[in-house]
Amino acid sequence: MIQLGKGELHPDLFPKKDFQKSLRSVADLYDAYGYNDGTGDHRLKTAVRSYLQENGVQYSANSILIVSGALQALQLISLGLLQYGSNVFAQQTSYIHSLHVFRTTGMQMKGIPFHNNTLDTSYLEKQLKSNKSPSILYVNPTFHNPTTETMSLETRKEIVKLSKEYKIPVIEDDIFRDLWLDNTPPPPIASVDTAGHTLIIGSFSKTIAPTLRIGWIAGPADVIEKLSDLRMQLDYGSSYLPQLAIYDFIASGNYEKHLQILREKLKQRRDYFIHLLETHLHEVAHWNIPEGGLFIWVTFREEINIRKLWSQLMDNGIVVNPGFMYSPYPNQSIRLSYASCTEEEMKKGVLSIKKILQDWSLKT
Numbered sequence: 001m002i003q004l005g006k007g008e009l010h011p012d013l014f015p016k017k018d019f020q021k022s023l024r025s026v027a028d029l030y031d032a033y034g035y036n037d038g039t040g041d042h043r044l045k046t047a048v049r050s051y052l053q054e055n056g057v058q059y060s061a062n063s064i065l066i067v068s069g070a071l072q073a074l075q076l077i078s079l080g081l082l083q084y085g086s087n088v089f090a091q092q093t094s095y096i097h098s099l100h101v102f103r104t105t106g107m108q109m110k111g112i113p114f115h116n117n118t119l120d121t122s123y124l125e126k127q128l129k130s131n132k133s134p135s136i137l138y139v140n141p142t143f144h145n146p147t148t149e150t151m152s153l154e155t156r157k158e159i160v161k162l163s164k165e166y167k168i169p170v171i172e173d174d175i176f177r178d179l180w181l182d183n184t185p186p187p188p189i190a191s192v193d194t195a196g197h198t199l200i201i202g203s204f205s206k207t208i209a210p211t212l213r214i215g216w217i218a219g220p221a222d223v224i225e226k227l228s229d230l231r232m233q234l235d236y237g238s239s240y241l242p243q244l245a246i247y248d249f250i251a252s253g254n255y256e257k258h259l260q261i262l263r264e265k266l267k268q269r270r271d272y273f274i275h276l277l278e279t280h281l282h283e284v285a286h287w288n289i290p291e292g293g294l295f296i297w298v299t300f301r302e303e304i305n306i307r308k309l310w311s312q313l314m315d316n317g318i319v320v321n322p323g324f325m326y327s328p329y330p331n332q333s334i335r336l337s338y339a340s341c342t343e344e345e346m347k348k349g350v351l352s353i354k355k356i357l358q359d360w361s362l363k364t
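Numbering (full-length UniProt numbering), first residue to last: 1 to 364.
Don't read these hints as lab results, they were simulated from the structure. We put the beta carbon where it would ideally sit given N, CA and C, even for glycine. One or more of the hints may lead you astray.
The following label-pair restraints were derived from C-beta to C-beta distances [unchecked claim]:
#1 96 / 260: 24 to 34 Å
#2 355 / 220: 48 to 58 Å
#3 105 / 267: 34 to 44 Å
Throw the hints in and build the complete structure from the sequences for me.
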């Protein structure tokens with residue numbers, strides 16, 4: 001199967017050689033095979049703290065919790081900080097597994113319109129004014145999954161203002177920040193929020209390899225302590241060996257070198273994919289050129305049966321992610337990934353979409 005919509009790096013993009021060096025360098029450390037304190041390796045947390053400070057976020061190492069990926073961070077927040085039935089305000093179109101985490105823990109999802117790099121904060125404020133239930137705001141502001149849009153700095157500041165005024169915590173899912181391709185994105189919401197109402201989430205799964213399952217949450221120390229206690233009750237902390245290897249990878253300078261190479265390769269793949277779309281689908285669909293992340297959000301100009309398109313592509317051995325996976329609201333979109341497949345696979349996928357639409361007598 002050609003994974004044309006998968007949200008992870010193709011194996012060709014993994015830093016295999018340099019990361020293997022880091023794995024070997026920590027393999028003989030005595031503490032790599034024992035339990036840790038559950039909050040994560042202090043050296044790795046210190047590295048995350050430095051990274052946050054570079055991005056204007058002033059949390060100490062004690063305000064950071066290492067987790068097994070961003071989804072576990074959301075699970076801990078749902079179980080440890082939210083009451084059953086709490087409202088979760090989120091972008092109307094959001095990552096499917098994030099939505100599932102909140103729904104399976106009994107939360108009520110409330111969609112907020114998000115378009116042209118702007119969250120509809122006027123609509124959000126109306127909802128907050130009439131809201132009587134415990135609530136949070138969950139946002140993926142940078143290279144949003146699946147739409148690829150990035151919130152403007154003005155929108156981020158407005159979110160902080162509303163958070164302070166209505167005392168609503170913000171969960172900032174910032175896992176794609178380092179995957180910028182053209183220009184560095186606006187600073188995190190957490191960097192604007194001087195009141196400490198924002199929890200920020202990051203992950204190494206999107207930048208190194210998904211199998212590592214290592215991410216982090218940063219926020220006010222008392223909140224992180226509560227999440228850490230819950231974490232210890234659930235699984236006693238993330239696997240320690242990958243944490244040590246990631247720290248070594250960062251400390252050696254190889255992580256930053258890898259990011260520079262990765263951005264160049266992703267940009268080449270993005271540009272090639274956009275070329276294919278412009279060549280074969282420009283009359284039947286439109287899209288924004290993503291400035292970072294892993295995806296292209298393609299929207300068809302005429303109403304078509306997205307579910308049928310998805311099914312026929314599956315029959316052809318091609319997997320795309322249909323828009324209905326990300327939103328209960330009707331849309332004419334599919335999520336494609338330039339990170340998860342080769343150029344040959346991209347071409348085969350786009351030509352298959354074109355062929356199906358031609359068979360449906362749409363003009364191409």
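Earlier hints that do not hold, by number: Violated hints: none at all, because every hint is consistent with the structure.
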